[in-house]
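> Take a look at the letters that make up each chain.
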Amino acid sequence: VKRALVIAALAVACSREEPTQEVTRPQVAPIVRAPSARQLALADKLECNRCHHVPSVPAAAVRDKNCFACHQQIHQGAFDAEPDVLAKWQGRIQSMRYAPSLVVADRLQRAWVKQFLLHPHDVRPGSIAQMPRLAITDAEADELARWLVPVEDRGVVASDPSLVAHGEKLYRDFACARCHRFTGSRVDEAAMHASGRAGNEAWVLAPDLRFARERVQPGQLASWIENPRGAMEKLAGIGPDEARALAAFVATTPLAPLAKVEVPKRLPILEREVPWAEVSAKVFHDTCWHCHAVPDLARGDGGPGNSGGFGFPGRGLDLSSYTGISQGSVRDGERESIFAKLPDGTPRVIAHLMARHVEAAGGVVDGVRGMPLGLPALTLEQIQLVETWIAQGRPQ
Amino acid sequence: MKQALSIVAVAVVVGGLSVPRSADACLNELMLTQDDMVKRIAQIEFHLRYEQYWLADQALPPVIEYIDGGEQPALPIKQRMQDAEALIKIRWHREVRRDDYRAYRRGADQAALWFYQRVWDEPTSPKLRAWLAEASEASEQPARALGILRDLDKRDLMPDAFAYATLAAVSYGEEWVAAREKCERRAEVKSICAIRVAY
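The listed protein sequences derive, respectively, from chains A and B.
Per my numbering, the very first residue in the first sequence carries number 5; after that it's consecutive.
Per my numbering, the very first residue in the second sequence carries number 15; after that it's consecutive.
Quick caveat, the hints were computed from the structure, so don't treat them as lab data.
Positions of the beta carbon are idealized from the N, C-alpha and C atoms, including for glycine.
Be careful, since some hints might not be right.
[Claimed, not checked] Calculated pairs, EDC-like style, for lysine to aspartate or glutamate (alpha carbon to alpha carbon, straight line, at most 20 Å): (1) K286(A) / E202(B); (2) K92(B) / D50(B); (3) K53(B) / E65(B); (4) K53(B) / D336(A); (5) K53(B) / E193(A); (6) K345(A) / D170(B); (7) K168(B) / E189(B); (8) K168(B) / E340(A); (9) K92(B) / E79(B); (10) K173(A) / D192(A); (11) K238(A) / D177(A); (12) K53(B) / D71(B); (13) K345(A) / D370(A); (14) K168(B) / D336(A); (15) K204(B) / E277(A); (16) K345(A) / D165(B); (17) K53(B) / E86(A); (18) K264(A) / D126(A); (19) K345(A) / D50(B); (20) K269(A) / E340(A); (21) K168(B) / E195(B); (22) K49(A) / D177(A); (23) K53(B) / D82(B); (24) K173(A) / E193(A); (25) K204(B) / E282(A); (26) K92(B) / D114(B); (27) K264(A) / D192(A); (28) K92(A) / D49(B); (29) K168(B) / E338(A).
[Stated by the list, open to error] Far from chain A, by Cβ distances over 10 Å, these chain B residues were calculated: (30) E65; (31) P90; (32) Y115; (33) Q131; (34) P156; (35) R158; (36) L171; (37) W190; (38) R194.
With the hints as constraints, model all of the structure from the sequences given.
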């Protein structure tokens with residue numbers, strides 16, 4: 005009788021239809037697959053570990069090339085510098101304090117990762133720094149994506165209307181908008197997001213959930229919400245049912261199309277005189293200098309924009325001084341002026357600064373990389389200042 | 015065996031010390047505020063920019079003593095010190111040692127030789143080429159100075175107003191007028207444009 009009961013129970017269990025609409029499985033450990041020599045060489049060339057924690061790749065040494073770790077140490081007061089210098093820097097350094105760990109990129113969709121590497125855009129509204137537009141080929145992006153996302157979960161997210169409605173309620177109850185923007189959705193609350201600004205890692209790295217449906221593997225979404233492995237904190241009292249409902253809501257709630265971002269027009273040349281001291285303080289020494297510095301003073305490394313880095317060859321461009329900026333940059337072994345006019349009459353340096361606005365609007369300018377790399381575009385007023393200074397003959 | 019091991023150990027230590035460490039460009043700020051040698055060099059370069067040659071000259075010996083005392087800065091820092099020393103010879107001594115022409119000329123020749131070697135090592139550096147031109151002009155080799163500066167000016171790579179002042183010193187007519195005008199537009203201290211007269 006016992007055996008008959010067991011057989012019957014097994015038969016019932018086996019005949020039960022598999023759920024087709026949802027897959028939720030607890031995910032605790034990252035999927036680790038050893039990178040190939042080619043993948044490691046790529047990560048080395050592109051210097052991914054300068055910002056990210058990369059699986060199987062040791063972090064760059066702080067004070068050498070690890071931008072984020074260095075900034076964190078400065079804010080923690082652990083950086084070896086005089087107290088007054090530390091205090092000054094702590095007041096200034098706002099960006100590049102937190103970068104997402106690539107160890108947990110395995111939950112993402114491989115195709116999205118590849119596209120993001122090729123055409124990075126602003127995913128994290130709380131972060132000032134963004135993924136830089138690297139010099140990367142389609143094949144290289146594919147290679148990296150295959151490494152970072154070794155396995156894809158082909159599950160689907162539940163879309164039952166009652167579950168979605170429950171998810172929306174939970175989204176509000178958990179106050180997800182304190183960390184996340186969800187642009188285009190009816191729960192997006194910019195003001196609440198801004199009020200949640202704590203400058204902590206979770207807030208800075210919280211992605212705009214609009215991208216979740218194309219970015220995260222559907223089968224990983226609920227398990228991530230229930231047991232996040234990155235900067236996101238585990239929500240108090242959340243269980244598998246709540247996670248499933250939230251995933252259903254995030255993945256299926258209707259989204260309004262994003263408003264088209266217009267590329268702004270350059271401002272006219274100023275009437276007043278703009279001296280080097282002003283343009284240096286407000287632009288070059290404020291932003292550009294961090295990557296385009298003097299190798300002589302920094303033990304041989306003038307930053308990625310001077311000595312090379314992030315896969316770019318050294319351009320020898322020093323924007324830290326009047327003499328430095330006047331010496332131009334290296335292209336094909338020869339120096340050329342950064343003020344040289346392009347066919348449309350725009351000085352090259354201005355073209356690079358405006359190209360960043362084009363990139364922010366989702367476009368690309370052929371042959372001109374937007375600057376500053378991986379940071380928001382300079383304001384039109386800053387660009388106007390530089391352009392005026394150039395037009396006035398670059399007075400010192 | 016022991017001797018071989020100790021030679022290897024010494025080679026490793028010396029090799030480790032001589033390989034320049036890569037460093038964040040952000041550390042320019044740290045070096046400028048905390049590294050004694052870098053601070054001194056920056057101060058000398060500041061004096062040179064503002065025509066404070068006497069102050070630059072006064073600031074130089076402690077750096078040389080520092081180096082002679084066994085403190086070996088990285089090669090680029092040492093070269094910057096030597097660049098400054100050469101510039102003092104041609105810019106300041108031009109003013110204060112004109113009465114002792116031989117001494118002035120000797121310094122100018124030494125500076126020209128120094129910058130010639132520097133340009134040999136870094137042939138595309140506009141700054142070093144402009145300094146070679148400046149030293150060449152001081153050591154009465156105007157043709158070489160003119161050739162260098164015309165090329166830099168044509169490519170819009172003149173590093174500073176001193177380069178235009180030198181171009182004015184070795185040119186005539188419209189070229190002289192243009193060089194003087196550009197010098198005055200770019201100079202922090204306008205008087206540098208008036209120092210040199212055409213040959």
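> Now tell me if each hint is right for this structure.
The hints, checked one at a time:
1. K286(A) / E202(B): holds, 19 Å
2. K92(B) / D50(B): holds, 13 Å
3. K53(B) / E65(B): Given that 20 Å is the threshold and the Cα spacing comes to 18 Å, the pair holds.
4. K53(B) / D336(A): violated, 34 Å
5. K53(B) / E193(A): violated, 50 Å
6. K345(A) / D170(B): holds, 11 Å
7. K168(B) / E189(B): Judged against 20 Å, a Cα distance of about 12 Å means the pair holds.
8. K168(B) / E340(A): holds, 11 Å
9. K92(B) / E79(B): Given that 20 Å is the threshold and the Cα spacing comes to 12 Å, the pair holds.
10. K173(A) / D192(A): Holds, at roughly 13 Å.
11. K238(A) / D177(A): Holds, because 15 Å separates the two Cα atoms, which is no more than 20 Å.
12. K53(B) / D71(B): Status holds; Cα separation ~15 Å.
13. K345(A) / D370(A): holds, 16 Å
14. K168(B) / D336(A): Answer holds: K168(B) to D336(A) is near 18 Å, not above 20 Å.
15. K204(B) / E277(A): Answer holds: K204(B) to E277(A) is near 17 Å, not above 20 Å.
16. K345(A) / D165(B): holds, 18 Å
17. K53(B) / E86(A): Between K53(B) and E86(A) the Cα gap is close to 15 Å, so the pair holds against 20 Å.
18. K264(A) / D126(A): It holds: about 14 Å lies between the C-alpha atoms, which stays within 20 Å.
19. K345(A) / D50(B): Between K345(A) and D50(B) the Cα gap is close to 41 Å, so the pair fails against 20 Å, i.e. violated.
20. K269(A) / E340(A): violated, 27 Å
21. K168(B) / E195(B): holds, 15 Å
22. K49(A) / D177(A): violated, 45 Å
23. K53(B) / D82(B): holds, 18 Å
24. K173(A) / E193(A): Since the Cα atoms of K173(A) and E193(A) sit roughly 14 Å apart, the hinted pair holds (cutoff 20 Å).
25. K204(B) / E282(A): holds, 19 Å
26. K92(B) / D114(B): violated, 29 Å
27. K264(A) / D192(A): holds, 18 Å
28. K92(A) / D49(B): holds, 17 Å
29. K168(B) / E338(A): holds, 14 Å
30. E65: For E65(B), whose nearest Cβ neighbour in chain A is about 13 Å away, the distance exceeds 10 Å, so it holds.
31. P90: violated, 4 Å
32. Y115: Its Cβ never comes within 10 Å of chain A, the nearest being 30 Å, so this holds.
33. Q131: holds, 17 Å
34. P156: P156(B) is indeed farther than 10 Å from all Cβ atoms of chain A, at 23 Å.
35. R158: holds, 19 Å
36. L171: violated, 5 Å
37. W190: holds, 18 Å
38. R194: holds, 13 Å
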